[in-house]
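Sequences are here, hints too, so could you generate the full structure?
Protein chains: 2
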Amino acid sequence: MEIQNYCGTSRIAGCSFSVYPMADRFKEIILEALRTVDTSKVWIETDDVTTLVRGRIPHVFDVTSAIFLAAAKDGHHVVFNGTYSIGCPGDSTGDVYMAEDETKLNLPNVKDIKLETASKFSLYPLGGGNYMDTIYSQIGNMRSHGITVSKSHYSTRLDGNSIDVFEGLEHVFTETENSGSSHTVMTVTMSANSPSAKGGIK
Amino acid sequence: MEIQNYCGTSRIAGCSFSVYPMADRFKEIILEALRTVDTSKVWIETDDVTTLVRGRIPHVFDVTSAIFLAAAKDGHHVVFNGTYSIGCPGDSTGDVYMAEDETKLNLPNVKDIKLETASKFSLYPLGGGNYMDTIYSQIGNMRSHGITVSKSHYSTRLDGNSIDVFEGLEHVFTETENSGSSHTVMTVTMSANSPSAKGGIK
Ligand SMILES: [Ca+2]
Chain B
0 MEIQNYCGTS RIAGCSFSVY PMADRFKEII LEALRTVDTS KVWIETDDVT
50 TLVRGRIPHV FDVTSAIFLA AAKDGHHVVF NGTYSIGCPG DSTGDVYMAE
100 DETKLNLPNV KDIKLETASK FSLYPLGGGN YMDTIYSQIG NMRSHGITVS
150 KSHYSTRLDG NSIDVFEGLE HVFTETENSG SSHTVMTVTM SANSPSAKGG
200 IK
Chain E
0 MEIQNYCGTS RIAGCSFSVY PMADRFKEII LEALRTVDTS KVWIETDDVT
50 TLVRGRIPHV FDVTSAIFLA AAKDGHHVVF NGTYSIGCPG DSTGDVYMAE
100 DETKLNLPNV KDIKLETASK FSLYPLGGGN YMDTIYSQIG NMRSHGITVS
150 KSHYSTRLDG NSIDVFEGLE HVFTETENSG SSHTVMTVTM SANSPSAKGG
200 IK
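Quick note, the sequences are listed as chains B and E, same order. Everything in the first sequence is counted per numbering that gives the first Met the number 0, starting at 0 for the first residue and increasing by one. Everything in the second sequence is counted per numbering that gives the first Met the number 0, starting at 0 for the first residue and increasing by one.
Treat the hints loosely; a few may be bogus.
Stated by the list, open to error - Per the computed footprint, the stretches of chain B lying under chain E, defined by three or more beta-carbons under 8 Å from a beta-carbon of chain E, are:
1) 17-26
2) 48-60
3) 70-83
4) 117-130
5) 153-164
6) 182-190
As the list claims (entries may be wrong) - Below, a list of computed lysine-lysine pairs in the BS3-like style, where the Cα atoms sit at most 25 Å apart:
7) B:72 / B:110
8) B:26 / E:72
9) E:103 / E:72
10) E:26 / E:113
11) B:26 / E:26
12) E:26 / B:72
13) E:72 / E:110
14) B:26 / B:72
15) B:72 / B:103
No lab work stands behind these hints, which were simulated from the structure alone. A quick note: this is a predicted structure, and the numbers were derived from the prediction, not measured. Here a beta-carbon is modelled for each residue, glycine too, at the ideal position from N, C-alpha and C.
And the structure:
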């Protein structure tokens, strides 16, 4: 439970996430997606509720986005739900992965996949910091990359190409962290190929 | 985006949630579930990413738990993902529902459904308050109601009967609010009938 008042000093990031293929073959779709993704730069553990990846921010986003894209690229209605977290609770089981460089292992395989998605995200800077200007400038960056940004209840809605949206989310998360927030949490729900979506595959 | 530093005074609660049936018939399963649930005591709006319900805390939990149980009771692998929120941002579109009494409309229909589930939840008290004792006593209450509580990365894991887990989550959320937290957020992922679950339908 994230109820600690005092955080450790480890700056390892994590994402607790799931990918939901709305299909009878859901299990095969997830297993096939996991097989295509290189997870060697992150600590990864899957149980019956969620998958957790931990490591440096670029690799946490690289692996989560690549798994979602691998599951969604064939046209099934697939939803990604993840909570990105950095700064608390401090533990050390994944710290060895902090020595990795910043070269993303999966981006070359997924960067050309065009997939229209609808997302909602919420950012919870739990540890102070001077993040407001940061967030507004990152939202502006997203718009300049063709993402439609709108306000939703309790969240911000993003409509656009999946990998571009993940890139925008990574920038928001990274810059909030850089602004001095000692504990940052970001929740993301991303939907692809929804039958009720405007730009979805019919 | 939940980045406001100053909150309104409205104590309306909300839950932004989705129910994911891992089945080709996902759309029918969701629509059928929505049809069986009485939503007359909450403000409710569905788009292509999430459904939002807003109102008094008991009804927000009543409606979200009933929709999940209706979708999962026939044995499909179904996951609920929701973010419960109270205290911020303040807006008034659902305030008329704050006049409702506390009698839950759907509980009589779902209270006898036995459904083993695995959940993870995280609690983010964003607005101060004296919540630590509250949380520990609520966790103790859950254990006394037969729920297995364990620590997970970034979250607390709960294994038990769905409606009992929802009841426990409602108590944690309500008591955190009562403890003086001006803005409380709780994320919940609940999985039923997972093929990889210990107690799931095989
Ligand atoms: Ca969530």
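Each hint tested on the structure:
1. Only residues whose beta carbon comes within less than 8 Å of a beta carbon in chain E count, and the stretch 17-26 of chain B has 8; three or more means the coverage holds.
2. Using a Cβ-Cβ cut-off of 8 Å, 4 residues of the stretch 48-60 of chain B lie near chain E, which meets the minimum of three, so the contact claim holds.
3. Counting residues of the stretch 70-83 of chain B whose CB lies closer than 8 Å to any CB of chain E gives 4, so the stated coverage by that chain holds, three being the minimum.
4. Requiring three or more residues with a Cβ within less than 8 Å of a Cβ of chain E, the coverage given for the stretch 117-130 of chain B holds, as 10 such residues are present.
5. Counting residues of the stretch 153-164 of chain B whose beta carbon lies closer than 8 Å to any beta carbon of chain E gives 4, which reaches the threshold of three, so the coverage claim holds.
6. Check result for the stretch 182-190 of chain B against chain E: holds, 4 residues qualifying (beta carbon to beta carbon below 8 Å, three or more required).
7. A C-alpha spacing of about 12 Å is found between residue 72 of chain B and residue 110 of chain B, which places the hinted pair at or below 25 Å, so the restraint holds.
8. Taking the CA atoms of residue 26 of chain B and residue 72 of chain E, the gap is about 20 Å. The hint holds against a cut of 25 Å.
9. For the hint linking residue 103 of chain E to residue 72 of chain E, the alpha-carbon distance of about 20 Å falls within 25 Å, and the restraint holds.
10. Only pairs whose Cα atoms come within 25 Å are accepted, and residue 26 of chain E paired with residue 113 of chain E is accepted, the gap being roughly 24 Å.
11. Taking the CA atoms of residue 26 of chain B and residue 26 of chain E, the gap is near 19 Å; set against the 25 Å cutoff, the hint holds.
12. For the suggested pair residue 26 of chain E and residue 72 of chain B, the alpha carbons sit about 20 Å apart, so the restraint of at most 25 Å is met.
13. Our distance criterion of 25 Å between C-alpha atoms is met by residue 72 of chain E and residue 110 of chain E, whose separation comes to about 12 Å.
14. About 16 Å separates the Cα atoms of residue 26 of chain B and residue 72 of chain B, which keeps this hinted pair within 25 Å; it holds.
15. Our distance criterion of 25 Å between C-alpha atoms is met by residue 72 of chain B and residue 103 of chain B, whose separation comes to about 20 Å.
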